[in-house]
Structure formats: structure tokens, C-alpha cells
Amino acid sequence: MLPALAFYALSAVAIAAAFMVIAARNPVHSVMFLITTFFSAAGLFILMGAEFLALLLVMVYVGAVAVLFLFVVMMLDVDFAEMKKGFLQNLPVGAIVAVILLTEMILVGAASLSGEATSVQPAAEGVSNIRALGDVLYTEYAFFFEAVGLILLVAMIGAIVLTLRSRDGVKRQNISDQIARTREDGVELVDVEPNQGIG
Amino acid sequence: MGQFTFLFGEIVLAVSALVLLMVGAFGGSKSTSFIRYASIVALLIFGFAGVFLNAQGSSFDGAFLSDKFSHYVKALIGIAAASALWFSRDYFKRERLDQFEYSILMLFAVLGMGVMVSAGNLLTLYIGIEMQSLALYVMAAFNRDSLRASEAGLKYFVLGALSSGMLLYGTSLIYGFTGTLDFAEIAMHLEQTGNPGAGIIAGLVFLLSGLAFKISAAPFHMWTPDVYEGSPTPVTGFFAGAPKLAALALITRVIMGPFEGMEAAWQQVIIVLAVLSMVIGAVGALTQTNIKRLMAYSSIANMGYALVALAAGGAGGVTGMLIFMSIYLITVIGAFACILQMRTRDGMVEQISDLGGLSHSNMPLASFITMMMFSLAGIPFFMGFFGKWYAFAPAFNSGLAWLVVIALIASVVGAFYYLRIIKTIWFDEQAQSFVKAPVSLSFLSSAAGLLIFPILLLPFVAAPARNVIEAAASSLF
Chain A
1 MLPALAFYAL SAVAIAAAFM VIAARNPVHS VMFLITTFFS AAGLFILMGA EFLALLLVMV
61 YVGAVAVLFL FVVMMLDVDF AEMKKGFLQN LPVGAIVAVI LLTEMILVGA ASLSGEATSV
121 QPAAEGVSNI RALGDVLYTE YAFFFEAVGL ILLVAMIGAI VLTLRSRDGV KRQNISDQIA
181 RTREDGVELV DVEPNQGIG
Chain B
1 MGQFTFLFGE IVLAVSALVL LMVGAFGGSK STSFIRYASI VALLIFGFAG VFLNAQGSSF
61 DGAFLSDKFS HYVKALIGIA AASALWFSRD YFKRERLDQF EYSILMLFAV LGMGVMVSAG
121 NLLTLYIGIE MQSLALYVMA AFNRDSLRAS EAGLKYFVLG ALSSGMLLYG TSLIYGFTGT
181 LDFAEIAMHL EQTGNPGAGI IAGLVFLLSG LAFKISAAPF HMWTPDVYEG SPTPVTGFFA
241 GAPKLAALAL ITRVIMGPFE GMEAAWQQVI IVLAVLSMVI GAVGALTQTN IKRLMAYSSI
301 ANMGYALVAL AAGGAGGVTG MLIFMSIYLI TVIGAFACIL QMRTRDGMVE QISDLGGLSH
361 SNMPLASFIT MMMFSLAGIP FFMGFFGKWY AFAPAFNSGL AWLVVIALIA SVVGAFYYLR
421 IIKTIWFDEQ AQSFVKAPVS LSFLSSAAGL LIFPILLLPF VAAPARNVIE AAASSLF
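Here the protein sequences line up with chains A and B, keeping their order. Those letters in the first sequence? Residues 1 to 199, per the numbering used here, in order. Those letters in the second sequence? Residues 1 to 477, per the numbering used here, in order.
Hint data in this document are derived by calculation from the structure and do not stem from the laboratory. The C-beta atom is built at its ideal place from N, Cα and C for all residues, glycine as well. Certain hints may be false.
What the hints assert, rightly or not - Some chain A residues flagged as far from chain B (calculated, every beta-carbon gap over 10 Å):
1. PHE39
2. LEU133
3. LYS171
4. ASN174
5. ASP177
What the hints assert, rightly or not - Within a straight-line C-alpha distance of at most 30 Å, the following computed DSS-like cross-link-like pairs (lysine-lysine) qualify:
6. B:LYS30 / A:LYS171
7. B:LYS93 / B:LYS155
8. B:LYS93 / B:LYS30
9. B:LYS423 / B:LYS436
10. B:LYS93 / A:LYS171
11. B:LYS93 / B:LYS436
Unchecked claim - Sample of chain A residues facing chain B (criterion: CB under 7 Å; computed from the structure):
12. ALA147
13. VAL154
14. ALA155
15. ILE157
Please build the complete structure, drawing on both the sequences and the hints.
Structure follows, in C-alpha cells:
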């Protein structure tokens with residue numbers, strides 16, 4: 001009962017939010033609805049027992065990709081009202097693509113209902129899929145894992161080499177100086193005589 | 001320890017890259033020189049680790065192979081990369097580009113090449129290629145304030161991403177139809193099923209196309225002239241040598257390893273690539289006036305010659321390819337050491353006409369360039385001639401005589417533009433004379449010049465070195 005309820009609630013939110021992504025006038029709102037969609041989809045994954053995918057979806061898509069979208073949307077001055085003008089002209093093409101996509105999804109759904117469920121190599125009973133992945137990731141695939149880590153490092157070095165510019169005359173925070181500052185350095189007490197002014 | 005001895009060279013490279021990165025990050029620009037020399041040492045250790053340890057076997061369930069083939073190729077790559085780093089020193093200092101990250105990127109690129117050469121698994125293959133390529137893209141755009149260098153880097157990156165896509169698609173097809181990523185298991189699967197289906201053949205073609213991109217074999221060569229011209233010259237010199245050899249070694253491993261039984265399928269692909277590269281390389285270079293663009297077309301043509309040897313298949317073909325590539329690498333290092341000496345008081349020049357009358361102003365440089373060009377043209381008794389001889393012989397012996405005829409015609413056409421450079425040097429009017437080259441460069445160009453001078457290298461063709469190469473080639477089978 002409860003899983004079914006959760007499923008319908010999550011799917012309804014996902015579909016509604018997905019619709020709002022394209023319907024919202026403000027692009028920032030669109031991205032927010034997109035994030036809602038991702039969260040609901042992550043919930044659906046958990047219901048299916050694929051908790052690793054769910055975590056990945058939240059971390060990668062919500063944590064990185066959607067934030068990147070937000071940056072792009074806010075930084076680039078895109079006139080969305082202008083872009084939406086050709087809506088009616090493009091409608092037939094869009095409709096064809098939508099129909100093809102819908103047929104494909106119905107076929108996939110029908111195929112998975114008719115045959116028995118297949119999966120590549122089901123994990124042993126009682127082993128969560130995070131654990132199943134971790135078991136091989138750091139043993140059998142340790143070499144690939146480390147090598148991919150180095151590739152990411154190369155990407156990072158590359159991004160820094162190509163974009164970082166060290167400018168002169170930038171005032172930097174010197175933390176040790178800041179901490180070493182005492183009351184005596186910072187405050188000067190002046191005894192001012194009354195009626196004399198500070199001349 | 002055990003299986004880690006197979007990766008000793010790679011571990012040295014990875015650890016030294018990480019340590020030197022920290023040294024550079026905290027030491028700032030003062031440490032650049034130290035990092036360069038330390039990187040050269042690390043590259044040489046990487047190159048010779050395999051040869052001296054001579055550990056043969058595989059680690060990580062066959063994902064990483066260590067055999068005589070990989071040892072020999074890695075030694076060549078180590079030397080080529082160390083020389084490229086060595087001849088970059090003066091250029092980067094004068095162009096005010098001297099940043100320590102260049103050495104680090106070079107280390108990572110070579111680490112990727114090491115992984116490529118030792119690949120025993122489609123996953124290793126892809127990871128090696130990506131590590132190498134990513135570092136190379138950044139190196140191409142290293143002079144970020146130059147519009148042409150940025151264009152070169154971007155072009156290389158976008159087209160490289162396209163080739164990665166093709167390669168991955170081929171890999172996924174092969175995985176889908178054989179059910180395994182491991183080279184040995186793919187070979188076993190093909191042996192058992194006998195007749196490979198269209199799926200596997202399509203996968204192989206995509207895989208080879210992706211790899212052909214990395215050696216800039218035509219019709220996947222479009223990026224080469226622009227990238228070679230736009231990149232800083234020492235980077236171009238590096239591109240023309242080590243990465244080509246690494247990708248060729250990987251192609252060799254793929255076609256002689258998992259797909260050995262499908263010779264009929266890959267031979268067609270290799271022959272088409274070879275013919276197109278030779279023709280386009282030879283014809284495309286005819287109208288070039290920029291010497292770096294000319295070297296780009298020259299490298300396209302030379303990859304064609306190396307593929308002619310591979311098309312023959314078998315240990316003979318691999319031996320021919322290795323001999324050809326060894327000599328090609330020496331020549332390319334020498335040629336770029338010469339090109340880097342083309343500096344007038346106003347800065348670097350890259351036009352062929354700038355070489356005019358060089359024989360009057362700078363006799364040693366003029367004679368070394370002449371030797372390199374004679375060697376690249378394949379004039380007899382320079383090493384380039386023997387390189388082509390050993391590359392074409394196996395193809396001729398295995399009944400591909402028509403391919404050899406095309407290769408010879410392409411060589412003759414190619415000889416025209418190499419000889420044109422020589423004519424400019426010796427008979428044209430004198431252009432602005434070059435400033436005195438630093439010792440590091442003239443040392444390298446002289447060393448390469450002496451190496452390709454036939455008498456000193458005859459032992460290379462004759463006994464011991466050839467035995468080493470033959471042992472390396474036969475270790476694949």
C-alpha cells in the first residue's frame with residue numbers, strides 16, 4: 001500500500017514538475033522545476049531498489065549539472081520570449097518527434113511487461129548495490145579507478161593552465177597576520193581633554 | 001609486489017607527476033627548471049624501466065600487458081618525449097611561456113601513452129587514449145594568448161571528442177557482440193564462433209577509425225595541419241613523434257591481438273587508410289609554404305608508410321613498422337630541433353622562404369636540415385631509405401605489390417617538396433639570418449643528424465638492434 005502510494009505521489013510530482021519546466025515563463029523557475037523532477041526521479045529509483053542510482057542522480061544532476069544550468073541561465077542574457085516566438089511553426093516537427101518518442105516508450109514498457117525481467121548480473125541476495133559496486137570498484141577495477149582519477153586531475157590542471165591569470169596588486173587575505181593581530185595593534189586609546197577638541 | 005613490476009615505469013611517472021605538481025604549486029615559477037629536468041629524468045626512467053626489468057606478463061586480470069613489444073615502444077616513447085621536453089626549454093623561455101605545468105602535462109600524456117601501449121582490455125585502451133589526448137589538447141593551446149594556438153587547441157579538442165565517440169561506439173558494439181572487454185577473451189570468442197558477424201566487423205571499423213584519428217591517417221587527418229601550425233613549435237615536435245607511435249602501437253595490438261583471426265576484415269581498413277594517407281600527405285604538402293604545415297602533411301604521409309607495413313600483418317609487418325617508426329622518430333626530433341633554431345632577431349619564423357640561402361649564413365644548420373630532408377624523402381644511404389625499405393618489404397612479400405607501387409609513387413611525389421626545401425637552403429637568395437641557437441638545440445639536431453647518417457646507424461639496421469626489434473614484434477604472437 002505504502003510503496004504504491006509513494007510511487008503515485010512521486011510520479012505525479014515528477015510529471016507535473018517536468019511539465020512546468022517547459023511551461024514556466026521564468027527560466028530560473030524552469031531550472032528549479034527541473035531539480036524537483038530530478039528529486040522525484042531519485043525517489044522512484046529508491047522504490048525500485050536502485051539506491052546507488054538515486055544517490056548519483058541527486059549528487060551529479062542536482063548537485064552539479066542543475067547548478068551549472070542555473071549559472072548559465074543567470075549569466076547569459078538569453079531572451080526566452082524571443083525564442084518562443086517560432087513555437088507554432090515548429091509545432092508539427094515537435095509533434096512528430098513527440099509521437100515517435102511516445103511510441104518508443106510504450107514499446108519498451110510493453111516489452112518489459114510481456115517478458116520476464118532481465119538484468120545483466122543480478123547482485124547476490126541481501127547485498128545492496130552500493131556494496132556490490134564497491135566490492136569490485138576497489139579490487140578488480142582498482143587500476144581503472146586510479147587511472148580515471150588521474151584523467152580528472154589532468155582535466156583540472158588543464159582548466160587551471162588555460163584560464164588562471166595571476167594579477168598584480170590584488171589584496172589577499174593573510175590569515176596568520178589576521179590571527180596574530182592583538183588588541184594593542186588594532187586599537188589606540190586617546191585621552192581627550194574636555195573642551196579642547198581633537199586638534 | 002609481483003604484478004606491480006609490470007607497471008613500474010607507469011608508477012614512476014604517476015608518482016613523479018603528482019610530486020612535481022606539488023613542488024610547482026608551492027615553489028612557483030622558480031621551480032620550473034627543476035621540474036623540467038626532474039621530468040626528463042622520470043621520462044627516461046619510464047622509457048628504460050621496461051627494458052631493464054624485462055618483466056613479462058599481465059596484471060589486473062589481463063588489463064595491463066607487459067611484453068617485449070611494450071618495452072621497446074615505451075623506450076622509444078620515453079626518449080622521444082624526453083627530447084621534446086628538452087628542446088622546449090629555450091623556446092618557452094624566450095616566448096615567456098615558461099610554466100611548470102607543461103612538464104607535468106607531458107608526464108601525464110606519456111603516462112597515457114604507456115597505458116595505451118600496454119592495453120590488454122578495451123577499457124584500458126580507452127582510458128589510455130583519453131589520458132593522453134586530454135593532456136595533448138591542453139598542450140596544443142598552451143600559448144593561450146595566441147589566437148591560433150587557442151584555435152588549434154579547440155579544433156583538436158572538438159575533433160578528438162568526435163573520434164572518442166566513434167571509438168566508444170565501436171567498443172560498445174564489440175562488447176555487445178562478444179560479451180567481454182578483454183582482448184584475450186575476444187580472440188577466444190572469435191575463434192570459437194568462427195565467423196564474426198557484421199556487428200563485430202562494424203565495431204572493429206569504428207574502433208580503427210577512432211584510432212586512425214589519433215595517428216592522423218587520412219581520411220581522419222583534417223585537424224593535423226591546423227593543429228600543427230597553431231601549436232607552439234616544441235609542442236608540434238612532440239605531437240609528430242611519441243603520440244603517433246603510441247597510437248600505432250595500439251592499432252598493432254588491436255589487430256594482432258583480439259582480431260588476429262579477422263585479418264581479411266582489418267586488412268582492408270588498414271590498406272584504405274594507408275593509400276589515402278600516402279596520397280593526401282604527398283599531394284597536400286606540395287603547395288605549403290609554412291614549414292610546420294609541411295611537416296604535418298609529411299607526418300600524414302609517413303603514417304601511411306607505417307600502415308603499409310602493418311597491412312602485411314604478422315611478425316614481419318610489425319617488425320617493419322617498428323623499424324620505420326624508430327627511424328622516423330629520430331628524424332622528426334632532429335627536424336624539429338632544426339625548425340626551433342629558425343629564429344631571427346624579430347622572433348620565430350616558420351616560412352620555408354625564411355630558410356633561403358641558409359648555407360651561406362649557417363652552414364652546420366643548413367647541412368643538418370638537408371640531411372633530415374634527404375632522410376625523410378628516402379634518398380638511399382640515409383636512414384629514411386632503410387626505414388622505407390623495411391616498411392615496404394613485408395608488404396611486398398605478402399603479395400601487396402600494388403600497394404608498394406603506390407607507396408613508391410607517393411614517396412617520389414613527396415621527395416619533391418623535401419628537395420624544394422633543400423633547394424631553398426642551398427641555391428636561393430639569402431633571407432634574414434638566424435640568431436645563434438642555444439647549445440641544447442644544436443646538440444639535439446647534431447645528434448639526430450649523426451644518427452640518421454647511414455654509417456653510424458648501420459648497426460641499427462644490422463645485427464643487435466634488429467634482433468631486439470624482431471623479438472619485440474614476435475612477442476605479440
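*Hints broken by the structure, by number, lowest first?*
none
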